[in-house]
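Asker: In order, the protein sequences belong to chains F and P.
Just so we're aligned, residue 0 is where the first sequence starts under numbering that gives the first Met the number 0, counting upward by one.
Just so we're aligned, residue 0 is where the second sequence starts under numbering that gives the first Met the number 0, counting upward by one.
Derived from the structure by calculation, the hints contain no laboratory data.
Because identical chains cannot be distinguished in the list, a pair is counted as satisfied if it fits within a single copy or across any two copies.
Once the Cα atoms are required to be at most 27 Å apart in a straight line, the calculated DSSO-like pairs of lysine-lysine come out as:
{"hint": "1", "residue 1": "76", "residue 2": "11"}
{"hint": "2", "residue 1": "76", "residue 2": "136"}
{"hint": "3", "residue 1": "11", "residue 2": "136"}
{"hint": "4", "residue 1": "76", "residue 2": "66"}
{"hint": "5", "residue 1": "172", "residue 2": "76"}
2 protein chains.
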Amino acid sequence: MELIETTLSSEKIFDGRILHIRRDTVRLPDGSDATREVVDHPGGVCVLALDDENRALLVSQFRYPYKEVVREVPAGKLEYGEDPREAAIRELAEETGATAGEFRSLGELYPSPGYCGEIIRMYLARDLTFGETHLDKDEFLNLERIPFGQLVEQVVSGEIKDAKTIAVVLKGKLLLGL
Amino acid sequence: MELIETTLSSEKIFDGRILHIRRDTVRLPDGSDATREVVDHPGGVCVLALDDENRALLVSQFRYPYKEVVREVPAGKLEYGEDPREAAIRELAEETGATAGEFRSLGELYPSPGYCGEIIRMYLARDLTFGETHLDKDEFLNLERIPFGQLVEQVVSGEIKDAKTIAVVLKGKLLLGL
Numbered sequence: 000m001e002l003i004e005t006t007l008s009s010e011k012i013f014d015g016r017i018l019h020i021r022r023d024t025v026r027l028p029d030g031s032d033a034t035r036e037v038v039d040h041p042g043g044v045c046v047l048a049l050d051d052e053n054r055a056l057l058v059s060q061f062r063y064p065y066k067e068v069v070r071e072v073p074a075g076k077l078e079y080g081e082d083p084r085e086a087a088i089r090e091l092a093e094e095t096g097a098t099a100g101e102f103r104s105l106g107e108l109y110p111s112p113g114y115c116g117e118i119i120r121m122y123l124a125r126d127l128t129f130g131e132t133h134l135d136k137d138e139f140l141n142l143e144r145i146p147f148g149q150l151v152e153q154v155v156s157g158e159i160k161d162a163k164t165i166a167v168v169l170k171g172k173l174l175l176g177l
Numbered sequence: 000m001e002l003i004e005t006t007l008s009s010e011k012i013f014d015g016r017i018l019h020i021r022r023d024t025v026r027l028p029d030g031s032d033a034t035r036e037v038v039d040h041p042g043g044v045c046v047l048a049l050d051d052e053n054r055a056l057l058v059s060q061f062r063y064p065y066k067e068v069v070r071e072v073p074a075g076k077l078e079y080g081e082d083p084r085e086a087a088i089r090e091l092a093e094e095t096g097a098t099a100g101e102f103r104s105l106g107e108l109y110p111s112p113g114y115c116g117e118i119i120r121m122y123l124a125r126d127l128t129f130g131e132t133h134l135d136k137d138e139f140l141n142l143e144r145i146p147f148g149q150l151v152e153q154v155v156s157g158e159i160k161d162a163k164t165i166a167v168v169l170k171g172k173l174l175l176g177l
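Sequences are here, hints too, so could you generate the full structure?
Answerer: Right under this line is the structure:
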């Protein structure tokens, strides 16, 4: 079956600090028209960072949409035009103080393909050196080091719910035999 | 560190067909105020469905925000008030025609915790019986059956990018020894 939808028109709905929303009219594969509401996003990065004792760095932060503290790998949004790898190095340093001697890609993640075009690039960081953290002024988080095997157990048991953390931990385990 | 943010006020920004956006003012842990833009979402479900030959059911559909065809496990949004397990059974039947003799939870997923409160409940379905599909009128998709081991390889290699598909496939593999 032909699946492509083509854009007929696009209307800006909301231009916020974080969220940028548009509503497009599209031509469907059967020739009829429909609307598509889209969240535009600059893209993000996340990092599975392992120290010399094979402990992973996790951050806990209050995630307002859930009204709950969520444990995740270090992550952040790209600044517009920023190289993803540079962004991942920056976010890791800002949130955890770590810089990595080894930095490699673990692929891409589409978090919510139904309504948002965000691509999260995933990385593995090892050979870590620790300096000072530099958080944004409205960023509050707690830092934790957890043995990687224990983190895998928490992912498999369902205790870890963040999508990028589940993906990067289990891909790291299977791809690298960690 | 104390991480809780408390809501001071809430403003409705956009009430669309799919997207519902609000902007809240919150009190941060240090006593200062900030705004939080939030996408409200009824929640979703996804299903790793395996046939008697251990082949997984995948759907391919055009994901408009990426302007690309994306391969994913069968999934969908909850209707407001709908039980997640019933929704998963319904979505699997609508998209693939399959009903399952065995249906079990594989946990919860937070796709984009920075700005959206969506929870995706993940399920494993086996002992499948196939009938007719019933797609929504603006839903176009192609159905595929792929050996589960090959699907795991495509997840690990980065060919599969959808977050819920990566999570449910790798959790299924590790939790069930599939």
